[in-house]
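Visitor: Below, each chain spelled out in residue letters.
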Amino acid sequence: MTLALALSLLVSVAAGVIVLRWVWPDPEVAWSWPLGTALGAAFGLGLSSVLLYLWMLAFGPTRGFPLVESSLLGVAAILALARARRSAHRPSPSGDRTGHPRGYLICAGGLALVAAVAAFLGLVRRQPHGEWDAWMNWDLRARMMFRGGESWSTAFSNLIPWSHPDYPLMVQSLVVRSWLYAGGETMAGPALVAAAFTFGTVLLLAAALLAFRSASQGVVASLVLVSTPFFIVHGASFYGDVPVGLFFLATFICLALDGRHGVATRRFAVLAGLATGLAMWTKNEGVMFVPAVVAGILVSGWTSGWPRARRTLAGFGLGLLPMLLVAASFKLRLAPRNDLLATLGIERTLGWIADPRRYFLTLREFVAHLATFGNNGVGSATWLLIAYLLAMGIRRRDGDRLWTATAAAALALMLVGHYIVFVTMAYDLPRLLNSSLDRLLLQLWPSILFLLFMVIRTPEEAGHSRT
Amino acid sequence: MSAGTPSLPEHGPKPWVVNRARAGIALVLLYAAASGVAWIRLAASAPARAASDEISSYERRFITLRAALPARGVVGYVGDPDPEGGTPDQREANSLLHFKRYLLAQYALAPLVLIESTEPDVVVGNFDPGSRPSLPSGFHIERDFGNGLVLLRRAP
Numbered sequence: 001m002t003l004a005l006a007l008s009l010l011v012s013v014a015a016g017v018i019v020l021r022w023v024w025p026d027p028e029v030a031w032s033w034p035l036g037t038a039l040g041a042a043f044g045l046g047l048s049s050v051l052l053y054l055w056m057l058a059f060g061p062t063r064g065f066p067l068v069e070s071s072l073l074g075v076a077a078i079l080a081l082a083r084a085r086r087s088a089h090r091p092s093p094s095g096d097r098t099g100h101p102r103g104y105l106i107c108a109g110g111l112a113l114v115a116a117v118a119a120f121l122g123l124v125r126r127q128p129h130g131e132w133d134a135w136m137n138w139d140l141r142a143r144m145m146f147r148g149g150e151s152w153s154t155a156f157s158n159l160i161p162w163s164h165p166d167y168p169l170m171v172q173s174l175v176v177r178s179w180l181y182a183g184g185e186t187m188a189g190p191a192l193v194a195a196a197f198t199f200g201t202v203l204l205l206a207a208a209l210l211a212f213r214s215a216s217q218g219v220v221a222s223l224v225l226v227s228t229p230f231f232i233v234h235g236a237s238f239y240g241d242v243p244v245g246l247f248f249l250a251t252f253i254c255l256a257l258d259g260r261h262g263v264a265t266r267r268f269a270v271l272a273g274l275a276t277g278l279a280m281w282t283k284n285e286g287v288m289f290v291p292a293v294v295a296g297i298l299v300s301g302w303t304s305g306w307p308r309a310r311r312t313l314a315g316f317g318l319g320l321l322p323m324l325l326v327a328a329s330f331k332l333r334l335a336p337r338n339d340l341l342a343t344l345g346i347e348r349t350l351g352w353i354a355d356p357r358r359y360f361l362t363l364r365e366f367v368a369h370l371a372t373f374g375n376n377g378v379g380s381a382t383w384l385l386i387a388y389l390l391a392m393g394i395r396r397r398d399g400d401r402l403w404t405a406t407a408a409a410a411l412a413l414m415l416v417g418h419y420i421v422f423v424t425m426a427y428d429l430p431r432l433l434n435s436s437l438d439r440l441l442l443q444l445w446p447s448i449l450f451l452l453f454m455v456i457r458t459p460e461e462a463g464h465s466r467t
Numbered sequence: 001m002s003a004g005t006p007s008l009p010e011h012g013p014k015p016w017v018v019n020r021a022r023a024g025i026a027l028v029l030l031y032a033a034a035s036g037v038a039w040i041r042l043a044a045s046a047p048a049r050a051a052s053d054e055i056s057s058y059e060r061r062f063i064t065l066r067a068a069l070p071a072r073g074v075v076g077y078v079g080d081p082d083p084e085g086g087t088p089d090q091r092e093a094n095s096l097l098h099f100k101r102y103l104l105a106q107y108a109l110a111p112l113v114l115i116e117s118t119e120p121d122v123v124v125g126n127f128d129p130g131s132r133p134s135l136p137s138g139f140h141i142e143r144d145f146g147n148g149l150v151l152l153r154r155a156p
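Those protein sequences? They're chains F and H, same order as listed.
Going by my numbering, the letters in the first sequence line up with residues 1 to 467, in that order.
Going by my numbering, the letters in the second sequence line up with residues 1 to 156, in that order.
Treat the hints as calculated values from the structure; they're not laboratory data.
Hints are supplied without guarantee of correctness; some may be wrong.
[What the hints assert, rightly or not] Cβ pair distances, simulated, as ranges: (1) F:Val75 - H:Arg60: 52 to 58 Å; (2) H:Ala23 - F:Leu159: 56 to 62 Å; (3) F:Ala387 - H:Ser52: 38 to 44 Å; (4) F:Leu298 - H:Leu69: 53 to 59 Å.
In this text, a Cβ means the ideal position worked out from N, Cα and C, and glycines have one as well.
If we strip away everything but chain H, and leave its shape as in the complex, we get (with noise of 0.2 Å):
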């Protein structure tokens, strides 16, 4: 390290000095030209616009579902994938799944706040389209949105 690099001579810096700083100056340049490339490149492969997004198609399923829950409160949220069953990986795969759903379907459902439990009377169901899920017991499902999105009431 050049730490202890005297103060520059009065006449200039040596040759193999001012060599030495070019060389600094040509590896950040070739760094930075690297990653303006690889930024060209992200830039030219992004889509025309937002919203086609996995995150905003998802979200979109909610919609109608989010005008039936009441504005503030606490509800329920059961939901496919089934974390337990199969082998370790499968079960830590569903449960990866499971949890991203129940997250998305809270940020999508914001203000309320969704908990993974049927104690609250109304309950989020979340359900792969097609499925027929079992419903918990107690609940009977108040109304279908389609796509797998159920709305569950408590029985009286």
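Chain F on its own, in the form it takes in the complex (with noise of 0.2 Å):
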């Protein structure tokens, strides 16, 4: 069983990774192993998921995926294989890299993993099933589908809307799929899926700095991600907030890359309207993530130039597309109406809207959960990377100014909009915001990271490293 939950990663990885070589901007773009694995690796968890949900429309959550998809990824792999026995060997990117992180860092960085990864085993091992919102959600949907043979649409039923059965089925499919592969339901399922995710967004943000700043600053950035502590204990809680969270993080990088390379190529703006997509097929805040990062693209038009901006904006709703297709058929298959949509009314809406005191305490919410985020007795992440922005300094590059507006105005937007929702449509305010915003900002805090760690100087940059 713990080979065929392995593999069932293994496929989806090589898979997402195999993929993306295939539509790797080469020779334009020279392909960087170390960010090509991670971002393959994310595209491969989500590319799986969607595939397993057209699978089910068509024949259920049969035991028939398993071998369909490995086939598939063995055709894809002897493409790939051959195309690239055809094309010529290219260096990697070398971005801004300038010599090596010190040997300290890197220790730091090994075990600091080591211990994150013992206590999310750790914290496994206390609660299989996760968290109350796991097994009431997540987990109970993935039962129902996978237990319900012919009838998985059951799963969906609107006589038990406390599940929320219109959320987005990301994480639901994936530990299907591992108890697809397994050949039975084991609780290492939605465990792997859940590690998978947490650690795999530590190293998408390695990989990610190491590609375009240095390998000390992939170093100190993931340092401070494995060490928030909500980082880890929420990982291991099975929700669907770290996941949407990796989502978030590919999309940026995406858009990073399209900042660097836009003029060359359309692929990565695609890639980054793909990575939206998914983002919006793992929880509903990823359906305000599309608005977000189509202002924040405008946002960057208005500053930077419009024809760049539209390029990007071109390539951005191709690649959304098809996910838009997915979610639809969802929505209007399957889901029944939001919860929070459903029980809104015109005049309890507009009495919460013209009420001064849900905007203050909204605001005063906001600030104190921003203030101690990622509180571990030293002190906040939040005034860590304060401290730590002062300490080194910003670095300003000009290829970057395009995408870091459209990351920031989009950050920014996501904010307001979590702002907007707690104002007018919760009903126990107050209890909703202390059970959901540290969550909400989870989702953004692995990008936020990678927007810092891209301007502020790297170690090297500062004088502190040897170059």
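Put the two chains together into one complex; each comes in its own frame, and the hints tell you how they fit.
Guide: What follows is the structure, given as structure tokens:
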């Protein structure tokens, strides 16, 4: 069973890497193995989920899926191999890389990762079914689909609205997929999916900063991420927040690639659209992410010129389109109405909008949660980053202006969007702020780290490390 | 903020710039060390194996009942504690516990759909062990699985 579970992950990752390698705009942009593998793994998880969903629409959650998926991977691998033989070898991109990180930084990064993995495993042993929402929503839905057989769509019954049957299917379908590979239900399935997303995010952040900035920068940023207590604890709770955070991060990384290579190729903008679509397929917050990124691109167009922004927007839309269709098919065919929207009444909503206390309370909680986010006893991660920023300074690079404006605007708009949702839709506002706000911040956290460490000077630039 | 910091001088950074950078790295390492210690403690205090947790234990109560229920469809649910009565705090605590037990029953009995109602002909009764529950009218106990778990069926 363990081998079969490992195979399920391997097939996803390999498929994602092969497909990404296939669409990578060689020779305009040289392939980077660390970034390509980490980004490919993220796309692979997403594509596996979509593939299983389409399979279930046609055949239900049947045991033939692993065989078909593995066969598809085999065909893709043969095609990729044939293409690789034809193309010339090129060196990896150098980015801004200078020198190597100091040994103690690598040691600290390695130790922190090992400790975080140990903690993750400890949390999983303590709570093999995850936290409350995991077994109430995500794992329940996975069980209902897997056990339901031909009647798998009963999982979306509107008789159990508290289980949020309208939630998108990324996490649940990957859990079902792990059970199909394993040949039966095992709680190691959800744990593996959660681990893949949690540590996949860490590796993607490190790999992206390694490619764009320097190895030290990648180590320091991933050190902050694995040391953020809520990131590991919540990752092991089997919720959808860390997974959606991975796709937010993948979107910004693709936009960063587009920012640097968008003149030569539009493919990274297409990949950014796909990653955004996968975020939408992971949690409903991903739906809000779409207009936030579009607005971010428009903001960058305003500051850096419309022709380029139009190109990015067109590519982004192209990548988003297939996921829009998949998500629409789910919402129209299977998902009942969202409970938050279903319980809204015009009079009550207008009353909430007109109530200044709700604005103040929400703002106060936003500030408090932001200021204390990632507190581990020594201090909060927010204050740590502010101090780090002041210590290292900011590096300006003209080539990054376009996408940093997009990312900053999109992240700010996500916060504004969450603020508006709380004020206008939350029934029990204090309770909802208390239970949800940190999770929403966590979704954005890897992307915030990526953006910050893209603009903060590397240790080498600040004169700390040898070059 | 040092947003406007000029580019590095040709002869290398000034000592205070280097020291500031070192302080920044030291802060990150301090933060990581504190979390690392917490992670190790957490890992060390975890149980040796899974399945001794609350959810797994509670779920085991339903194994025999599950076999006695239809494979699919909609089944009713009644259970303890009664969310009504007592002080507001008690009501809130009871209501939460009642809901949690219902959710756990649904989780254990999936893909059956459990609804908090006696409308279906078959109803799962999930009561406190040893209690004497009042049965919904028109229902009889078809099977008692012990530990407060009963299968109720509408009397013909």
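Visitor: So, against the hints stated earlier in the document, which numbers end up violated here?
Guide: Structure breaks hint 1 only.
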